[in-house]
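*Asks:* Here is what each chain is made of, one letter per residue.
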Amino acid sequence: MRRLVRTYGGALTTVFVFATLVWAIMLIVLPQLSMLDMALRTPLRAKDSSIAQTVMRDAQTCQAVLDTYRDEVGAAGDGGLAVPSLSAPPLATPSLPSPSPGGSGGGLPYIIQCDRATTAQPLVRDAGESAWLNTEYEIETLAVDITADLGTQYAQAQAVRDAAAALYQELVAAEAELSPYGFRNFVQIFKPLVIPLSADARAQEAGEFGTWVKEAIGLRYERDGVVYERVTLTTLLRTILFAAVATALALVACYPIACNLALRAAPHRAVWLFVALLVPYATVEIMRVYAWVTIVDNNGLLNRLLDLFGVVDIEGGDFVAFKRSPLTVFTVIVYTYILFMVFPIYNVMSTLDRNQIEAAHDLGSSTWRVHRRIIIPHAKPGIAVGCIATFMLSAGAFSVPRIVSSGLQGEWFSQTIYNKFFESQNTNLGSAYAFAYTVICFVIVGLFMWVMRARLKDFMRA
Amino acid sequence: MSAIAEARPAARPRVGIRPGRGSQLLLRIYTAAFLVFMFAPLLLLVIASFNDVSPPSVTDWRGLTGKWYAFYWMDEASLRADAVLRSIDRGRFYDCLGNSLIVAACVVPLSLLLGLSGAILLTRWQSRFNAFLWWVLLSPMLAPGIVLGLSTLVFWGDLGMSAGLGTIVLAQTTFIAGFPMLVIMARLQRQPPEQEEAALDLGASPWLAFRRITLPYLVPALATAGVIAFMSSFENYNTTMFARGGSCTFSTEIGAMVRNPNGHPPVINAVGTVIVVLTIAAAIGHTILLRREQGKAVP
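Same order as they appear, the protein sequences are chains E and L. Counting in my numbering, the first sequence runs from 1 upward without gaps. Counting in my numbering, the second sequence runs from 1 upward without gaps.
Take these hints with a grain of salt, some might be off.
As the list claims (entries may be wrong) - Derived CB-CB ranges, DEER-like:
no., chain 1, residue 1, chain 2, residue 2, range
1, L, ALA223, E, GLY210, 47 to 53 Å
2, E, PHE448, L, ALA33, 27 to 33 Å
3, L, GLY164, E, THR351, 43 to 49 Å
4, E, GLY10, L, PRO193, 18 to 24 Å
5, L, ARG211, E, ASP353, 35 to 41 Å
Hint data in this document are derived by calculation from the structure and do not stem from the laboratory. As the structure is a prediction and not an experimental result, all values here were calculated from the model. Glycine residues also receive a C-beta, built at the ideal position from the N, C-alpha and C atoms.
Looking at chain L on its own, in the form it has when it is part of the complex:
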């Protein structure tokens, strides 16, 4: 599940399956078709964001416009002048977006702490409870997201906590902490135990050894885990919908806007386009960084 963390395109010599000409061509065509299937909906989303019609459409072209983007910064007067835009609550959207960032700001450090603790206990503590602990800590990642939201709501409601951002944070942390745990464990297992032992033998206190040896060693894993945790928290819809009470996050607000019975406005497409562009930039950046790193490692 820690796909992004571990997935890295490897630079390697051209040795592989020796396929026949025909099957090679077939595989290429299939891969291209698969990519078309994956990208076509996103492309339509982007195209519709420039079309001057609401609800968004790609078939009914009414001219190029940038107003679905301008919605996010235009002044009140021009907002009121537009028949479609004036019915959308921009302030609420920004509040929800802010909520998402607040939630992520709590979930990321919390899940890093829990993930790190779980990873250290599972790799360094050999006991018969180990297998049991594995099951318990990984079970939220295997459970349907809605159930986590529900159980958090029920349990913390009994303890007197009303549904809101607090329950969202707790519900999300329950399963998001699993991602850092897996990523950190994968790296911890590759750490030679001699490093720590040498530091301890040379008189370092355990805290110093942890801070100077283990923590720096784990930094790449922690960074990856933090990014994964942030993205999981930000995009989460299923768990959040059940735990949210009356509050909203970016995803739930987009969902509410889409479900508007009077037609969903293309401003959602505008946000979607921004997200797609950011994702493309991040994916390319990630790959370039990785290649540069590999270039250094293998001269």
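Chain E with its partners taken away, still in its complex shape:
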């Protein structure tokens, strides 16, 4: 630190340290911590107090609707209807004209909030458990009888509302005492969901390889004739597997290109090859992804070609739905991120002293041996960086599944996170998924770096 101050002076050093600290703390560490905080909290709406509150609000809305209804009918008042007062016993007049044909007894239409206003309310529990508001907290079982007349319903709603309000206050106080943290959201990743399948569909899927794999590793199982699948976990594992395969594929595909560019091609040709690779690399990402939409569309190039050869019949409504296939997403991801493998390898490889290769050849080494003993060991940092970049970009890909498949289904885990966060508005669960995903990716990258003996400083060279 003293050397820093001597070289750059107090003011500049302060600026540098301050800027770095702001970056590290305000932009990196604290946001991650606040996301972790969010991930560890139980979603508000899953809490028992929130269920009690919902019952209270339903009862309240029920009363409000009843009020409105009474005012309307009262205003229209053609003499047949008396305005029920709360203090007086409810007037049950069977001869009351029924204004709504769908209405039940008492001449009232169906009011959903009145139907829902009951203390016998299911609580949010983990799979396999069930609990009810009235039995769990031993309060009176109250409900609004929707076949009763207006006054009775109003009074019943009031009773439900009072009971729920009291319980709500009590539960909020109790929950404030408890720790708000838990791993509930993380456990949700493993949650199995019922897959509704017709017998035909099930017979068809049973023969598929994917189904067999899922059953073999416990992602899918059948119990009492119902098929369950751990959908979230399946997506997560598939994403990571596909990202790893994409990385391996990119490495195999790009190594010869990088070699050609760095060591083999004649200088004037290498320059043009370099420019040719730079263009797709530097083109705006979304355009590279978009370029594939025309190809994989239901009416796109691939289907047109298949149509030409008579494999499918587009006019007849028969086409291959490439857009819905995870394999299409995989292909486009490989296309979009493959060049992130070429350049790091090339950068490191081009620093190799070519005399070494010459010497090896002169001493009688085969081409394969030269690669194995000289070029690959030298290019290893570049290979490591290329693999990490490609893997992280593929695993975190969001634009590709979203653009190519138009969000028809969640093939990629990033889409699952997006849907949890923005479609079902469950920020706690979304944060938990995102955090778990980051940790998993970091562990994989860390293990890979350990195996390759790569260091972070290699990023600077590649």
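Given chain E, put chain L in place with the hints provided.
*Replies:* Same frame as chain E, but now just chain L:
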């Protein structure tokens, strides 16, 4: 990752692997096939932009047209007259494009400052926190982009900042600042420390030494880093989608247009073609400049 910065085709004598005839041919064929794979989708994108049919297609040729380009400057009346074009919100597209430029105008200087600071601390400050700082500062570049958008949204939302251009800038800066840092570090490490020391010994104030010695030395790295930061910010989709709130940028708007359930209009292909042409021009320009520089260095 600072590929563009460091990648430069080197002029060198013809010494390389001594391959057999057959393998040389094989490698050439493979390279050609690879380039076809990389360029075919882009070429189709360009061709479809001149086809008079919406949604864009290369198989269903309905005649040459320039109207998907003219869309961007044609007057309101002719815009309304076209069945496809009138349903597209041109004003919104320009707003989003403007937003992208605003965001980039904030992200580039911010990430240059943060990157420069990080690079100087990491190269010139020897302490036991160095390795830890490395990990912290590089972690956003290794994290999935969506997570950065999410965490920015959550944290700054707690602090009372609503999602919008502000959160986009912060989320993007988090990881984009890493690129300048790597580029600047690579150059800083090659700077002989004697330069600064000599200036200081001769009585220059640290500020003067920094301004007259270090900064000029870093200018090429800063320029490259600025270009990389601008491009990363402009093309970013993943992080932006999560941090954007109700606002839009160029990339998110293109994404929204593509996802239009009634079919995406070929005006996107027109923009794409312009981008591809610009990229080709820039890549060639970059290479020519580099060669001229190398020509000077090695007479």
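*Asks:* All hints are to be evaluated individually against the structure, with a verdict given for each.
*Replies:* Hints, verified against the model:
no., hint, result
1, L:ALA223 <-> E:GLY210: 47 to 53 Å, "holds (50 Å)"
2, E:PHE448 <-> L:ALA33: 27 to 33 Å, "holds (29 Å)"
3, L:GLY164 <-> E:THR351: 43 to 49 Å, "holds (44 Å)"
4, E:GLY10 <-> L:PRO193: 18 to 24 Å, "holds (19 Å)"
5, L:ARG211 <-> E:ASP353: 35 to 41 Å, "holds (38 Å)"
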